[in-house]
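Asks: Using the hints provided, position chain E relative to the given structure of chain H.
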Amino acid sequence: MRDVYVVGIGITSFTRLDYPLAEIAAYPALQAMQDAGLDKVDHVYVANMGGGRVSNQTALGSAVVDHLCLWPVGAETIENGPASGASAIKTGAMAIASGMMDTVLVTGAERMNEVNSLEATDFVATLAHPMAERIYGVTLPALAGMFTRLYMERYGVTSRHLAMVAIKNHANACLNQFAHVQNKISMDGILDGKDASHNNPVIADPLRFFDICPVSDGGAAVILASAEVAKKLGKPLVKLAGFGQATDTHAVHEREDPTALTAVRLAADKAFKMAKLKPADVDVAELHDAFTILEIAESEEVGFFEKGKGHLALERGETALNGKLPINTSGGLKARGHAVGATGIAQAHEIVLQLRGDAKKRQVKDAKVGFTCNFGGFGNNVVCLAMVRE
Amino acid sequence: MSVDVESILRTVDHELPPFPPKVIMLATGEPMVIRQASRDEIPDILPHVEALIHHDRDFYDVVAARVYSELLGHFKHRYQDQYLLVAQCDGHLAAVVNGRAVDAKTGMSLHTLGLRRGLRAGAHAFAAKMEYHFDQLGHQEVLIVAESPIGFRRWMIEYKLEKRFEIPHELGGCPSWSLTRALFDRARGSLVVGSRPVGKELLAKAMAAILPPTDPPKMAPDFLAATRARYDSTGTAIIARTQK
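For the protein sequence lines, the chains are H and E, in the order given. Under my numbering, the letters of the first sequence match residues 1 to 390, in that order. Under my numbering, the letters of the second sequence match residues 1 to 244, in that order.
Okay, chain E solo, but in the shape it has when bound:
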């Protein structure tokens, strides 16, 4: 008699309520739609995350590698009670955020990956996922860690997070920080922006397809890479070029 191993391996997901889409106007003047992405859309997202795994700047490599693994785990039913939100400008991916419900009271923030920089696309998407935790999932607190100094500024400092260092976070076992409902309510006026409902055309464009990011993070074209590399402490390369 065959055994359905797959059903044993799969997570037992609870049904999570939908996230009501919202639209935010960026500094460019473009509307950015933030909406829930379904499990089926994950294969369309993964290539854009994968491209950043080797981007050795601002910890994009670590964050992209982890997001890739979390989304793949979600797609293959190996990550319990995960949700995924995407931010899109004219269909093009601008940010990916995910998290999961630990229980009825507690949320676990996983990652925020900005694919368009300098416009707070990631910060807006993070605020949207916190809205989801508090307003749709009914959580009383969300456990958060930052994997980059930018993340630390955005979450720990801007939201004035409380320490929950006695609780290891699911991301690497780091001490957790907590966004409580009270802290989030205080931040709503300044950090949570955007409006609902999203116009039909705008939403339809976002839902139609996840298009590649228009301006993904990239290394500056010509800083010192061509001369003495940071691994060449003797300056041999720069001397060699001088003597050509």
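This is chain H alone, in the form it adopts within the complex:
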């Protein structure tokens, strides 16, 4: 199997974008190609979840190729719910590793604001089990609310810990010009103060407004290349050293322990094993914090902290930008934003920036190893990536 390198990156602002979906995918792709110094690639993978339903645009892979005048290169759309982005990177990496391709463009995009927030929530809920969950009105915030309540009872996580995640990630997003929400928030303002319950109302008990990511439009792209090509391009060498994917039961209640995110643990184990790394080697990580509780739970499942102890590491400031293991330096889904199909690629974009030393005010000192966890469904399809600066 050949080594795979990330040689180019691009991203749009995560916000509301009044542009066609294909263009939101094409723009960061163009940036990534320019960053890599390439004007053609061997193959294109486009990550997206809602094109057909929300944006009335199917066959996005073909549309992006046309926008970029890359014909006759092969192209596919990869749909794996909120994990579409990392799934597309993994697929691209396999194409390089197999020797079939030397360069692959992986771009992702979503235009969620085609519809209002109620319709967007309903659309995302289509990934839930149709007969066991969705028929009863379950949405992702509802699943996350139940998960959080159980986590609180079992491990002592409190609303204060959730607020700490939100405050940290909002502060990080203020250092990211592409982030959707660039507002610092405070414990007084969202939890302790007199008007806090108004500023931060309960949305899906016990989750409050600031525990939930925004609905974003956005795009992100990476260019993957073989070692031979990467070395010729002269960019800092960021190796996609490992990737892992795992699935779990479709319906959350069918899991033996609903607080165990088994697919996260298995996907992370595979990625670390392939990269010949341990969780303790990681300098910076992007975890899929669509809900604040997920940052805490994933930080445990991927092996950074013991199960049930993630919130204590958070308390000690270990996951802050200046902590031992900064998590979600981009602001995470919570504040950089969650443009579903693009999210996994935006996570990789942040890690590459960090490993290149190009993250400016949010740069993690001497970052050499980065990790991402892109969480699909409610933990039923997870893709993790491990990257190393050579």
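These are calculated hints, taken from the structure and not from any lab test. C-beta: ideal position from N, C-alpha, C; glycine also. Take the hints with a grain of salt, since some may be wrong.
Derived pair list, reagent style DSS-like, types lysine-lysine, alpha-carbon separation capped at 30 Å [stated by the list, open to error]: (1) LYS276/H to LYS309/H; (2) LYS205/E to LYS194/H; (3) LYS276/H to LYS360/H; (4) LYS361/H to LYS235/H; (5) LYS361/H to LYS218/E; (6) LYS205/E to LYS184/H; (7) LYS218/E to LYS205/E; (8) LYS184/H to LYS218/E; (9) LYS200/E to LYS194/H; (10) LYS273/H to LYS309/H; (11) LYS218/E to LYS360/H; (12) LYS194/H to LYS76/E; (13) LYS184/H to LYS163/E; (14) LYS231/H to LYS361/H.
One-sided and incomplete, this derived list gives chain H residues near chain E with beta-carbon spacing under 10 Å [as the list claims (entries may be wrong)]: (15) SER117; (16) THR121; (17) ARG149; (18) GLY189; (19) ILE190; (20) GLY193; (21) ASN199; (22) THR249.
Replies: For chain E alone, coordinates are given in the frame of chain H:
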């Protein structure tokens, strides 16, 4: 014999009662003071409104242009029975709201212009002006329209406004919606927050000067503007860049 034309042109304003200032803690933890602004303070506000007239996003352009005209009209005594409230964080302008008294029973909501986004500064200021209509002016209903989808969500949906479509609103003749006293009383517990009195130092800081907004609405730095513009349906620009 000279004729005082100005006195003929001027509105005949009724004396409106003062709005008691209030303070609200934002999600940032900052206290935001909402207070009445005098006619004399309008020149300090106008430049910050003017800056948004060309902000083509979320109808800021329309709202800013209209607020500018209403405030200028108020300053020059050309807008009958208008009042103006401002929201400030540490003196810096965070929202501007205005309206007017139509008669003893009816208020006309004019505009809500948020100059700081994502913290409900505008929504808080809107609630304060509704308090003013019902609690100080004694109105039984306030006629409202929204000029943006965000406004529609904030007012029509959150306050569950009633339709008064038979009454054209003063803003463009659109069909009016009504916030009745009963609807407002129902919303007080959830949408109207803040406390009174405002601490002396906090109020003094707000009264001392209207400082520029710290984080006014702005376009995102780099979405697709640099490539194919939305007016370039053929994608010429993106193709040209690809072929460089």
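Asks: Need the status of pair LYS194/H, LYS76/E: alpha-carbon distance at most 30 Å?
Replies: Cα-Cα ~40 Å, so violated.
Asks: Keeping to a limit of 30 Å between CA atoms, is the pair of LYS218/E and LYS360/H held or broken?
Replies: holds, 22 Å
Asks: Mind checking the alpha carbons of LYS273/H and LYS309/H for me, to see if they're no more than 30 Å apart?
Replies: holds, 23 Å
Asks: Are LYS218/E and LYS205/E close enough, with their CA atoms no more than 30 Å apart?
Replies: holds, 26 Å
Asks: Holds or violated: the hint that SER117/H contacts chain E, with Cβ atoms closer than 10 Å.
Replies: SER117/H check passes; min Cβ-Cβ to chain E is 9 Å, inside 10 Å.
Asks: Hey, does the ILE190/H contact hint survive, CB to chain E under 10 Å?
Replies: holds, 5 Å
Asks: Does the alpha-carbon distance linking LYS231/H and LYS361/H stay inside the 30 Å limit?
Replies: Satisfied, since the Cα-Cα distance of roughly 28 Å is no more than 30 Å.
Asks: Measure nothing beyond the straight line between the CA atoms of LYS184/H and LYS163/E; if it is 30 Å or shorter, mark the hint as holding.
Replies: Judged against 30 Å, a Cα distance of about 38 Å means the pair is violated.
Asks: Does GLY189/H pass the interface check with chain E, least Cβ-Cβ distance below 10 Å?
Replies: This interface hint holds because 4 Å falls under the 10 Å limit.
Asks: Return the status of the interface hint for THR249/H: holds when the least beta-carbon distance to chain E is below 10 Å, violated otherwise.
Replies: violated, 37 Å
Asks: Take a quick look at whether LYS205/E and LYS184/H sit within 30 Å of each other, Cα to Cα.
Replies: The hint holds at about 22 Å.
Asks: Given ASN199/H was flagged as interface, is its beta-carbon under 10 Å from a beta-carbon of chain E?
Replies: holds, 4 Å
Hint compliance for this structure: hints 12, 13, 16, 17 and 22 are broken, all remaining hints hold.
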